[in-house]
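The lines below spell out each chain.
Protein chains: 6
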Amino acid sequence: MLEKNIQTFIACDCEYDEAKIVLFGAPFDSTTSFRPGTRFASQAMRSESFGIETFSAYQDKDMLDIKVFDSGDLELPFGSPERALADIQYRTGVIMDDGKIPCMIGGEHLVTLGAVRAAAERFSDLHIVHFDAHADLRDDYLGVKLSHACVLHRCHDIVGDGKIYQFGIRSGDRDEFEFAKAHTHMQRFNFGGLKNAVKEIGDAPVYFTLDLDVLDPSDFPGTGTPEAGGVRFTALLWAIEQVSKLNIVGFDVNELSPAYDPSGRSTALACKLLREILLRFYK
Amino acid sequence: MLEKNIQTFIACDCEYDEAKIVLFGAPFDSTTSFRPGTRFASQAMRSESFGIETFSAYQDKDMLDIKVFDSGDLELPFGSPERALADIQYRTGVIMDDGKIPCMIGGEHLVTLGAVRAAAERFSDLHIVHFDAHADLRDDYLGVKLSHACVLHRCHDIVGDGKIYQFGIRSGDRDEFEFAKAHTHMQRFNFGGLKNAVKEIGDAPVYFTLDLDVLDPSDFPGTGTPEAGGVRFTALLWAIEQVSKLNIVGFDVNELSPAYDPSGRSTALACKLLREILLRFYK
Amino acid sequence: MLEKNIQTFIACDCEYDEAKIVLFGAPFDSTTSFRPGTRFASQAMRSESFGIETFSAYQDKDMLDIKVFDSGDLELPFGSPERALADIQYRTGVIMDDGKIPCMIGGEHLVTLGAVRAAAERFSDLHIVHFDAHADLRDDYLGVKLSHACVLHRCHDIVGDGKIYQFGIRSGDRDEFEFAKAHTHMQRFNFGGLKNAVKEIGDAPVYFTLDLDVLDPSDFPGTGTPEAGGVRFTALLWAIEQVSKLNIVGFDVNELSPAYDPSGRSTALACKLLREILLRFYK
Amino acid sequence: MLEKNIQTFIACDCEYDEAKIVLFGAPFDSTTSFRPGTRFASQAMRSESFGIETFSAYQDKDMLDIKVFDSGDLELPFGSPERALADIQYRTGVIMDDGKIPCMIGGEHLVTLGAVRAAAERFSDLHIVHFDAHADLRDDYLGVKLSHACVLHRCHDIVGDGKIYQFGIRSGDRDEFEFAKAHTHMQRFNFGGLKNAVKEIGDAPVYFTLDLDVLDPSDFPGTGTPEAGGVRFTALLWAIEQVSKLNIVGFDVNELSPAYDPSGRSTALACKLLREILLRFYK
Amino acid sequence: MLEKNIQTFIACDCEYDEAKIVLFGAPFDSTTSFRPGTRFASQAMRSESFGIETFSAYQDKDMLDIKVFDSGDLELPFGSPERALADIQYRTGVIMDDGKIPCMIGGEHLVTLGAVRAAAERFSDLHIVHFDAHADLRDDYLGVKLSHACVLHRCHDIVGDGKIYQFGIRSGDRDEFEFAKAHTHMQRFNFGGLKNAVKEIGDAPVYFTLDLDVLDPSDFPGTGTPEAGGVRFTALLWAIEQVSKLNIVGFDVNELSPAYDPSGRSTALACKLLREILLRFYK
Amino acid sequence: MLEKNIQTFIACDCEYDEAKIVLFGAPFDSTTSFRPGTRFASQAMRSESFGIETFSAYQDKDMLDIKVFDSGDLELPFGSPERALADIQYRTGVIMDDGKIPCMIGGEHLVTLGAVRAAAERFSDLHIVHFDAHADLRDDYLGVKLSHACVLHRCHDIVGDGKIYQFGIRSGDRDEFEFAKAHTHMQRFNFGGLKNAVKEIGDAPVYFTLDLDVLDPSDFPGTGTPEAGGVRFTALLWAIEQVSKLNIVGFDVNELSPAYDPSGRSTALACKLLREILLRFYK
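Protein chains in written order, with the numbering used here: chain L, 1 to 283; chain B, 1 to 283; chain U, 1 to 283; chain V, 1 to 283; chain A, 1 to 283; chain Z, 1 to 283.
Since no wrong hints were added, every one of them can be taken at face value.
Because identical chains share one entry, a pair is satisfied inside a single copy or across any pair of copies.
Derived lysine-lysine pairs resembling DSS-like cross-links, with alpha carbons at most 27 Å apart: (1) Lys61 - Lys181; (2) Lys283 - Lys4; (3) Lys199 - Lys100; (4) Lys67 - Lys100; (5) Lys20 - Lys4; (6) Lys67 - Lys4; (7) Lys61 - Lys4; (8) Lys283 - Lys199; (9) Lys199 - Lys181.
In short, the hints are calculated from the structure, not lab data.
With the hints as constraints, model all of the structure from the sequences given.
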């Protein structure tokens, strides 16, 4: 008898109970219910992941040896950010409550807020490590508080001063950079100070959010707001190795927008990077 | 002394006071603040309009002989449909109160609701003529009431039974088609019955909303949800001629998504069509 | 507990035992193991099928009311056509032996040969109805017998003279057209004579193979060898209605190559067409 | 011993002396006012021509049975229209003086002027048959007389009143349409009156110029100024059959801009069309 | 009362009288020998500039604090380089005569000649700093003197030996490199020697011309003749800082061809770079 | 009398007898007879090579001063790898037997096997230098032995242990990396150890195979399986200089897939690189 068509990120096909890390997609980017942008990232990554190997030549480790479960995509209501965030928060919480680490594939960066809400409910003294080209620290954007441009400000509302570490930031308005000086740890342009940050954070629970546009657009053109002057892929691999030393309780990878890159290399890079992250974070 | 760079839809450069028709753009499609979709339609149409002629070989009329004013784009808050609709309603109302006809360039189809609200406040017995591939009659979409998939249902909430005439519809769920049977006049697939509809409507005030995906995707690939089996460009020209006999108090053209058509012909067609509409509707 | 990510063509999610029609993908197009062409069709169609409705405005029927099972894609060895065909033949046979109708999504047109071999083993007097721009009747192509350009010739080797009905053909070399005169029923350019063919075939078992490039490239640019002068989408809907009167024992839809159409409308059309076929063929 | 790489349009590989028709490319596009790119047409057509068959299912004739020579592309100086036209005129003249029919592949439409100059020197009472979306009858364009937008006006300077027959025209400014009324035979939108025109022209020598944008953009998106509302491919095949009854002394096919159509179908159509023209015009 | 639609490069919206720098576009590309398209650069940059911030994280300065005026695009006659250059020269002269610094957005590189002519009339001892992948020192190109490939040779005709400083050059024919040895200062591949050049030039008036293809194609694919092995974005930022120490009397940014980069990142980079240049050059 | 259209890679137009290096294309990538992938590389490179200069600013040498012959493309039977390899082996052998060095432009990487077979027949102690992102050392791929993923394993079958030097490898399965440890010299990620390898190899005959995906996808997006983390263009230039010190008896450049890079820069880079290789290898 034939089986249903199951599609997972490559090699993420163990049973739920065995898994230490649980993937899910948060395909949210707007009130438009079909098409453009980051909402296609999770599906594209699952499909394209079969173009990469399960083995990492960087770590001499293999996805076949670890236990990750891909629980598919949330069905999120476009046009209602608040409800979408509630759904994300719920799914994240279920995974955490089962003692597993959630790995969310965005979606626009706003989705991070849902996961951070879930994490903050469960882990006191939550820290956030944030890689991004953009500060995302606006208080509102044209009067709207729940916008991707405000997501780290909203996270700050929850975790408070000194808990957010930002790296690679190279774009924002003046107010955002001033907010950062007062309330977050921000490293512009690169990963300078990351090793120290890892020491400072120590054993505290950490939510790690990776906006892929922290990468230079030469490496990663497939994103909505490409910002020249970013970090290179190999620098990011190094930075992920550092982050993996932390006590990660949840993480996400967001802002891949597959359609902007007809060569497909942005999606391929995102897949390879997720493989490297999973192999690093799996313990 | 040099002048500022003024950019209008081709030949829409009279003074506001002289104008009988006033254009504006409603670049709204999501909470994502930069990139994909219909929010780029109005700017693209202004730019590309200089690739068409001001003269119509179909009507032997010339844009140089009519008075249209292009008032630019609204700056709409992504992530808050209600506020975006309020801004649209306000701009539409100002133009109507000055005795002029508003012509809105969308944006996703939801923007129509703002304009219809303004029209219904000012014109009793408002009728709506709606060309579209999709019924847009859902009551809600994943629980959200202000969605492009619900926009005609929301309009029906305002104008009531028997006032909405829909043409070209070829996609929807079963409930939408049943709602149509009970509450609107719906012609599937084509413009059959349009002449009669024009007679029936008579002198009543009419808001005309043109979702460009009523066109066959062979004519108009540049849209988010292309539906095979649509009407052809020449049929649409004919239909617009019929509609022009009505008492139009406002109209819109929406759902052009320039980036989906690298040939640029969808934007070129939208420009040519808008020229033909303006020349027809101008009296 | 969370579930694995199951992805089917829209609404094809019943249990295998209940199903009357069983889908599978045959993503074969070359010895190149990753990328271009028709091998991406089945995955793309599953993904994009969520952009269409389950309800058909043409038939007033709904996918939610029929039982179709999507059994996923075969994993086919590139570089060895003979082995790929054997795998296809086996899967087709399993489905037929369970009393169900197989629906294969290609892949290049050569995949049809595997399914026809399975059908011919099980159904004597097998007829073939073939819609295509290309005759596909070469005896060999640069010395190779198992080529997409030869697939109907290979089918003729199996079913013999007078059993193959070809429609829409507008490209081939002189020998192919002469072969057709002697051995098949061929209608050039359109569906002329289809009603008569349906009568002639009567109750005989029929394998139906639909090369989507029978469509005009204006409707369907997303294919490897677009041939101007094809049939339109609505004509094809009509032709499918005629074919549905036959005793269909298996069918396929092939030669969608999603990457050639950045607007996505070719994949969208293929999804809509498959919905219409499934609703017509389901009895 | 190995041979040099010779690349011709498919099957145009006889010796020069045997040929009745001689192809050449005129890859020039520097007066193009909207979107350039036609300079790549001739090379693209040679490459892509190997994707079509030599046999025509429309005429039951084969390119293998006729004698056409492909003499390659002129190397034209960008930035100097006058010198480019002189080179075209010279090449056209050489071919005519050898008793053969020149077939030029543009390039922008201005290239026609070079060929018409050569033809008018050699054939008195020269007529011109012109298929196009655009009138191309401006006297100057931003002060420039040698512009693609003026090319038929320049031809009229040479051949005079009543010698130019224009079909399919649907774009131009008011002056051009008035010029046409006074000086040329113009049929808007379609091929109405073509049969009569063929009778009227009789045995007079004819230069035939085919701007491919006469086609509807749904058939032919790969051009710089796509104009909705054009003729379909099959109508154009019919029109070419009519034209083939004339005394053709030279012809061209122009305004293909391959890069605007990532599906490649515009180039494929141009190749197929040129095959049909060559088979019709060859006597 | 509603206002006309004014579109400027981001934040370049002061009054003309207040401005120290005045932008204009020179959308001309008709001598381009390989792949045209730069005529769309200025419009694309204005549109896309709203996707970047006004604040520079590199300089801690904000466009909101400086006074730049955008005077729109020249309407240049395609097909007549001499007339186009005259129009550019005139506009440049007007701005200089008003005591302001002209900033021209090309267009192909030939446009620089018009601006240099205006500058040389007004400033004796004019020096030129030139960043480019290509030497642009040919004496003629296929017999044409006014070609983008000759533009620096034409500038040398005006300013004479030793006044032109070229950086980043990695392509040219042998004669161009020999001309450079005799007549200009040329640094191949990178910005080596730029600091010394700045010292040497001292207070002399400088026209700065930036061909964006000096950048590596990995950073900047959207140009007609991408040359591997270029400088990176951050190196270019450094080089601009050096150049800003000079006495700049005019400058241009040219050879962006937006259509060659579907990701949009080349246009985004050009916008960001222009922001950095304006903030550096404004005094 | 006019000449046939001869198209060669730029400046590779001497007579066969004079040539020291002979180019040919091996446009093989699948059983699909038309379209995607690497089979279009050789034609694209010939066309685009006219966009680069014949002069190298890196070596101060000019293609005009060396003798290279372009013998065009093989016509290879898709669907039969064994026959395609035989044709490649034959052509390679003819060139070698005439005392010349063959330069093959792929095609997928499998084509290398044909050339290596020819070389190994003629040169005992043949070594292979291999630049690639992928190990290509699988013993079979889904049961198929003649696959691009196995090509170096097949070469190892011929030349044996310790004769293959691999550089830049960053992708493969665990078995491939273990095979490499036992049987080849493999340098992961970069060109470390290349100088030593050159010394070790000494005067032995060398076949050099360059899979262009060894380059970082930021430099070279136009390939089927882009792998982040590759070498940069300038590093590759350096590595080629090292390789040129060896006794090269044949070489190839493969895996360019032009259609994946709409900017055209991948093809441009491949042309420039081939120019640099030819100038280096020519002695």
